[in-house]
Amino acid sequence: MEFKQITITNFLSYFGENKIDFSPFTTIVIGQNNTGKSKLFDAINFVLYGRIYDTQKESWITDDTEIANLILNKHEVNEALEKNKTTTESSVSIWIDDLGMADTQVTITRSFIFKISNGKYVFSSKNLTLTETDKFAVNSYPYLGSDANERMKMYFSDSIKDFFLFQGEAASKIMKLQKNGNFRMAVREVARLEVFEKARDYAEKYEDTISRSIQIKAGKNKKVKNEQEKLQSEIENLIEQEKKYQKNKDEAETKLAEYQEVLDKNNDELSKLKEFEDYFKQKKALEENKKNIQRQIKEIGDEKFAIIEDSVFYKVREKIASFKTFYEKLEAKGEVPPSISANEIRKALKVCQCTICGTDLSEGTSARNFVEARLPKCDTDKLGNYLRALNYTIGDVEDEIRNIPSNLNNLLERKRKSDTRKQNLINDEKRLAEQLANTNLDESASVEKMKHIAEVKQTVSRYESLCKNAERDFNSASGSINVIENQIFQARKQLGNLVADDDEVDEEDKIKLHYASKLNAAMKRLFETANTTAYEQVEQKANEYYKEMTHENAALVGDIKIDLETSEIYTVDEDGVRIMDINQGNRISIQLAVIAGILTVAQEQFGVQYPFVTDAPVSHLGGDNKTSTIQTMINAFEQSIIIIKDDTSTKNKSNDEIRKLINESSDIEKAYELSLSKAENINDQFTVIKQIKG
Amino acid sequence: MGKLKDDLPKITKKVLDGEDKITKGLALSLLSEVMVNHNNDDFYPAVRKVLDDDIEKSISAGLINSEDLEEN
Chain A
235 MEFKQITITN
245 FLSYFGENKI
255 DFSPFTTIVI
265 GQNNTGKSKL
275 FDAINFVLYG
285 RIYDTQKESW
295 ITDDTEIANL
305 ILNKHEVNEA
315 LEKNKTTTES
325 SVSIWIDDLG
335 MADTQVTITR
345 SFIFKISNGK
355 YVFSSKNLTL
365 TETDKFAVNS
375 YPYLGSDANE
385 RMKMYFSDSI
395 KDFFLFQGEA
405 ASKIMKLQKN
415 GNFRMAVREV
425 ARLEVFEKAR
435 DYAEKYEDTI
445 SRSIQIKAGK
455 NKKVKNEQEK
465 LQSEIENLIE
475 QEKKYQKNKD
485 EAETKLAEYQ
495 EVLDKNNDEL
505 SKLKEFEDYF
515 KQKKALEENK
525 KNIQRQIKEI
535 GDEKFAIIED
545 SVFYKVREKI
555 ASFKTFYEKL
565 EAKGEVPPSI
575 SANEIRKALK
585 VCQCTICGTD
595 LSEGTSARNF
605 VEARLPKCDT
615 DKLGNYLRAL
625 NYTIGDVEDE
635 IRNIPSNLNN
645 LLERKRKSDT
655 RKQNLINDEK
665 RLAEQLANTN
675 LDESASVEKM
685 KHIAEVKQTV
695 SRYESLCKNA
705 ERDFNSASGS
715 INVIENQIFQ
725 ARKQLGNLVA
735 DDDEVDEEDK
745 IKLHYASKLN
755 AAMKRLFETA
765 NTTAYEQVEQ
775 KANEYYKEMT
785 HENAALVGDI
795 KIDLETSEIY
805 TVDEDGVRIM
815 DINQGNRISI
825 QLAVIAGILT
835 VAQEQFGVQY
845 PFVTDAPVSH
855 LGGDNKTSTI
865 QTMINAFEQS
875 IIIIKDDTST
885 KNKSNDEIRK
895 LINESSDIEK
905 AYELSLSKAE
915 NINDQFTVIK
925 QIKG
Chain B
59 MGKLKDDLPK
69 ITKKVLDGED
79 KITKGLALSL
89 LSEVMVNHNN
99 DDFYPAVRKV
109 LDDDIEKSIS
119 AGLINSEDLE
129 EN
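First to last, the protein sequences are chains A and B.
Quick note: my numbering has the first sequence finishing at residue 928, numbered continuously throughout.
Quick note: my numbering has the second sequence finishing at residue 130, numbered continuously throughout.
No lab work stands behind these hints, which were simulated from the structure alone.
Bear in mind that the values here come from a model prediction, so they are computed numbers and not experimental data.
No residue lacks a Cβ here, since even glycine has one placed at the ideal position from N, Cα and C.
Heads up, a few of these hints could be off.
Computed footprint of chain B on chain A; a stretch qualifies when at least three of its residues, placed anywhere within it, have a C-beta under 8 angstroms from a C-beta of chain B [stated by the list, open to error]: (1) 432 to 441; (2) 741 to 747; (3) 751 to 762.
Please model the complete structure; the sequences and the hints are all you need to start from.
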């Protein structure tokens with residue numbers, strides 16, 4: 235199946251007639267918020283399935299009146315009123331090729347007609363037309379109304395619509411494996427499980443009918459009858475018990491699905507908030523780093539000061555040495571005043587004998603002449619004491635100074651290291667500052683946001699616990715059901731034996747019961763095998779796609795596991811252990827691989843490959859993750875129409891990774907950019923489509 | 059999708075291969091009845107009739123009798 239062209243007329247944000255041609259391979263549509271991206275996705279859903287998506291309620295609207303209230307383009311309303319038109323309409327038309335019928339193209343048009351009433355356009359009627367056209371003879375076969383609806387059902391599977399029309403935001407919902415969940419319904423349809431299920435139920439009913447009819451005949455024998463009644467009653471009781479446990483099981487499964495949905499929603503939110511949380515962690519780390527840098531810079535400053543101080547002393551070393559030489563010369567000459575007081579010397583001269591060593595100082599002796607020559611003419615005691623003290627101090631200072639060169643080397647080494655560290659820290663600071671600038675997160679109300687993160691984490695924890703409880707109840711009920719089913723099987727077997735032993739039952743009855751029982755067992759086995767094989771097939775195909783992605787992307791590891799027991803889809807490592815740490819980008823890749831798996835199995839069963847149309851869930855992914863996810867979609871699906879949010883409002887468009895991918899990828903044959911027309915009144919704005927490639 | 063309306067999924071043959079001819083015939087009759095009545099709500103009476111007829115025809119044709127049951 236190939237979507238060739240869509241024509242959107244006065245539908246939601248699209249005013250007048252708008253045509254988009256699709257590539258047989260990949261078409262990309264980009265646009266900023268509220269330019270008509272999701273409205274394009276709505277247009278495809280509207281024409282094929284008569285539904286549009288309510289982003290507020292996160293659910294599909296299928297009610298005609300509700301849809302009619304929303305879809306008529308506002309600008310068209312204003313123009314039609316100005317032109318006094320009595321009717322106007324919203325419509326979407328799609329041209330499709332290769333629907334599995336050779337040489338036939340199909341055009342489907344769904345339109346809602348509005349009539350004027352009291353100055354307003356009111357929903358009046360709707361039309362669906364499906365026209366099959368012979369490509370060569372150009373003969374048209376139009377179908378209208380219920381005929382068109384029947385043809386639509388034939389061409390477009392209901393169960394896999396959410397898979398080939400992939401609404402990114404609703405991804406986790408369609409991946410639910412719970413009973414009656416979208417995923418199981420899709421597999422059920424593509425593997426024709428409803429046929430096997432119905433056949434299984436009728437085979438069981440057939441055996442019961444035959445068995446009962448024989449029991450009635452056999453009831454003539456009282457003993458057998460009593461035994462039969464007892465067994466029958468036992469079987470009925472067991473069936474009642476089984477129903478009770480089945481009810482418990484269904485309730486637990488429903489609860490599990492509800493809890494899981496809340497959990498997934500909160501986990502998704504947490505995943506989105508994680509960027510914000512990381513941003514603040516990073517910011518906090520940066521601020522701490524800044525403080526650290528400032529403290530270290532101060533330490534480096536202090537060290538420099540010490541070095542300068544020591545250097546100053548180092549410079550005065552020569553002067554100190556010069557002072558010591560001067561002092562030693564004075565001392566050698568005997569010019570340094572003695573430590574003996576002048577009065578003591580005079581007293582010695584008077585008694586002509588040194589009072590300390592007893593040297594003769596008589597008149598005319600050389601000793602007396604020496605002492606007299608040096609007898610100070612002033613009081614030199616203070617000066618002598620000062621010079622001696624100075625000399626001792628200088629001696630100490632000299633010892634200290636001797637150590638300065640090695641200290642100085644150490645200090646210089648420390649200074650070098652500090653300078654390097656300082657430079658590294660400054661570089662870190664710059665890098666972090668750039669990262670912060672690039673994240674472009676709104677920092678306002680950060681306290682509330684952090685509080686919200688804590689609340690979401692609490693909710694996640696609470697729902698994880700609720701899920702575990704519901705899972706325990708589910709497993710407990712499943713276990714009880716298995717036990718009861720076995721008891722029922724045994725009781726039926728006994729009942730069958732009783733009948734077979736009874737002479738009242740004729741040959742034909744015995745044969746019928748025998749084969750009814752065999753048929754029942756065979757149909758049970760057929761259903762179980764078909765059921766298991768269907769999931770295995772999807773899992774196998776999903777893994778084939780996942781391997782291709784793994785080959786391209788080292789971050790994707792493991793094998794995809796579709797686990798019906800836990801109702802979850804996840805990846806396991808080579809030892810079969812579940813991989814827990816999966817980021818948002820990888821989760822999308824797993825979902826895409828599973829979708830590709832389902833669509834491939836559907837192709838094998840239906841003989842038709844569905845195009846893949848997505849309102850892509852890539853807006854919140856980082857640059858590389860975003861482009862690799864888009865590339866994954868391009869590779870996995872034969873025809874893909876990918877609608878993506880344009881993030882270039884503040885950036886240079888030529889550097890935008892998506893535009894780069896569009897320009898460089900030969901797989902992307904067509905690309906469009908959506909924008910809004912300029913108008914003073916917001917109601918007058920409408921989507922403008924610009925083709926940027928192809 | 060039209061293809062499925064006529065064909066049974068491949069798995070059917072694989073699973074029924076292990077069954078005896080009579081059971082296999084009954085299974086195929088049952089499946090085709092289910093597929094034909096795909097859009098009807100309850101068609102058990104039709105199913106029962108088809109299965110009863112199949113067994114009776116096999117008995118009439120001498121393909122099965124009660125002595126064979128133990129072997130089957």
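**Asked** Are three or more residues of the region 751 to 762 of chain A within 8 angstroms, CB to CB, of chain B?
**Response** Our answer is that it holds, as 6 residues pass the Cβ test (under 8 angstroms) against chain B, meeting three.
**Asked** Checking C-beta pairs, does the region 432 to 441 of chain A have three or more residues closer than 8 angstroms to chain B?
**Response** Answer holds; 6 residues pass the 8 angstroms Cβ test.
**Prompt:** Has the region 741 to 747 of chain A got at least three residues whose CB is nearer than 8 angstroms to a CB belonging to chain B?
**Reply:** holds (count 5)
Every hint, counting from the list given before, is met by this structure.
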